[in-house]
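Visitor: Chain G is already provided as a structure; the job is to place chain B on it using the hints.
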Amino acid sequence: MEINLEGKAITLRGDDNPVSAALGVALAANGATLGDHAYPDMLILSFPLLPTEGLVVEPLLARAESIGEAMAQRGHGRILCLVSAAAGMPMRRHPDYSRRMANVLITVRTLAMRLGPNVLVNAVGVGAIGEPLVAGDAAMLGHASVTRPGTIEEVVDTALFFADPLNTYTTGQMLSVDGGWTAGYGRNF
Amino acid sequence: MRVELGGRVALVTGAAGTIGRAIARRLSDNGARVVIADINREGAEAFAAELPEAMAATIDITSQDSTEAGVAATIARYGRLDILVNNAGVNSFVHRVTIDAFPSEEWERVTRIDLDGLYRMSHAALQPMVAQGEGGRIINIASVVGLAAMRLQSAFVAAKAGIIHVTRSMALELGPQGILTNAIAPGSIMSEGTRSLFYGADGKFAGRTEEFMRHLPLGRPGTAEEIAEAVLFLASPNAAYVNGQVLAVDGGWTAGYML
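Residue numbers (the working numbering), protein chains in the order written: chain G, 1 to 189; chain B, 1001 to 1259.
Excised from the complex, chain G in its bound form (with noise of 0.2 Å):
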């Protein structure tokens, strides 16, 4: 998967992990420079993926605020944010990160609103990544109807499709990548 981001600066905070890190590599080889721009072309904020408790997530949404609307006063500007699918289907075991999760969720539909309408703002909701797992829970793979985790890369491609330049009509949505988890009841009853 090719998209092409010459000459777009993005800029990648939060949490450090081998997703996050993967998404750098990526992008970097689609053509973006990565670094910490004072008015990036994308924001990109990366949330812990693997179930935190005590997570605090309002520095990174309040930096996300700022920064868009800089971008809303230039005129153009992306911002994504990569999320636990649990942002739209809380996980019983999990009630604190699911609730802040869905915080993340809100405040991306909420900006949606506020920042457009020349700044996108989107979540990829990540499921059961990785042997071993580096994001989500092996609970998740009970109810996902693709049979197995999903791949690193698999959830950088998503977040490419957000940062690609010919995706222009798509803001305040979470595209889930979790094999279905998050489609339905993955039981024979």
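Treat the hints with care, since some could be wrong.
What the hints assert, rightly or not - Computed footprint of chain G on chain B; a stretch qualifies when at least three of its residues, placed anywhere within it, have a C-beta under 8 Å from a C-beta of chain G: (1) 1170-1180; (2) 1212-1219; (3) 1225-1236; (4) 1244-1251.
The hints are simulated quantities; they were obtained by calculation from the structure and are not laboratory data.
Heads up, the beta-carbon is just placed ideally off N, CA and C, and yes, glycines get one too.
Guide: Only chain B this time, still in chain G's reference frame:
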């Protein structure tokens, strides 16, 4: 975005229309061999002639015989079917009335084409797709009204909500076989049919369009090419762990209430 579809065979219904054409062209540009399926024979044949290694198929998705014949023709030509895009559909533009006044024959027309037609086309296409044993992709074109209901188009709302939920059901059933099913929910999309609705002769938004566009964060209708880009990603090998998802390509319409 550039992906490698490597000669995969994609059948796109409603492919003589604005959105279907954009989808078919995007898939073709990325290496797919495309079946231009439409009830409009002349339109399908003319468009198929524009694309390399494409074929036209006259398919009436309300007829099981027709969908099965279209799939049989596909297999006869290419020997396989890898991607189905259920794009064909209709809305009711004449009967913009509340459900107590909505004519039963119009309800049946809309749901028969939009929802039953998706079942018939999918049922026919899945026969070779399952038998191939190599997985596949189904991409259903729903609508934002399947996510957020609107007034005065109850049949269309019901059919599109049905498409969204059956997308999830199909994903759960077919995922173990490597057949991934997802949906795109377009918002207001510019087509030859809607252009005159959106814009007046002066090139500005006509009538209530401007008021309506204030409900969209992006403040404009989308294009068929923007829908096609999302379909291309879901059809690509790169989306191999995306299943049962509904992606709204809607300018932010379903992000929340703007006003």
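Visitor: With reference to the structure, classify each hint as holding or not holding.
Guide: Cross-check of the supplied hints:
no.: 1; hint: 1170-1180; in the structure: holds (count 8)
no.: 2; hint: 1212-1219; in the structure: holds (count 4)
no.: 3; hint: 1225-1236; in the structure: holds (count 7)
no.: 4; hint: 1244-1251; in the structure: holds (count 7)
Of the numbered hints stated above, none is contradicted by the structure.
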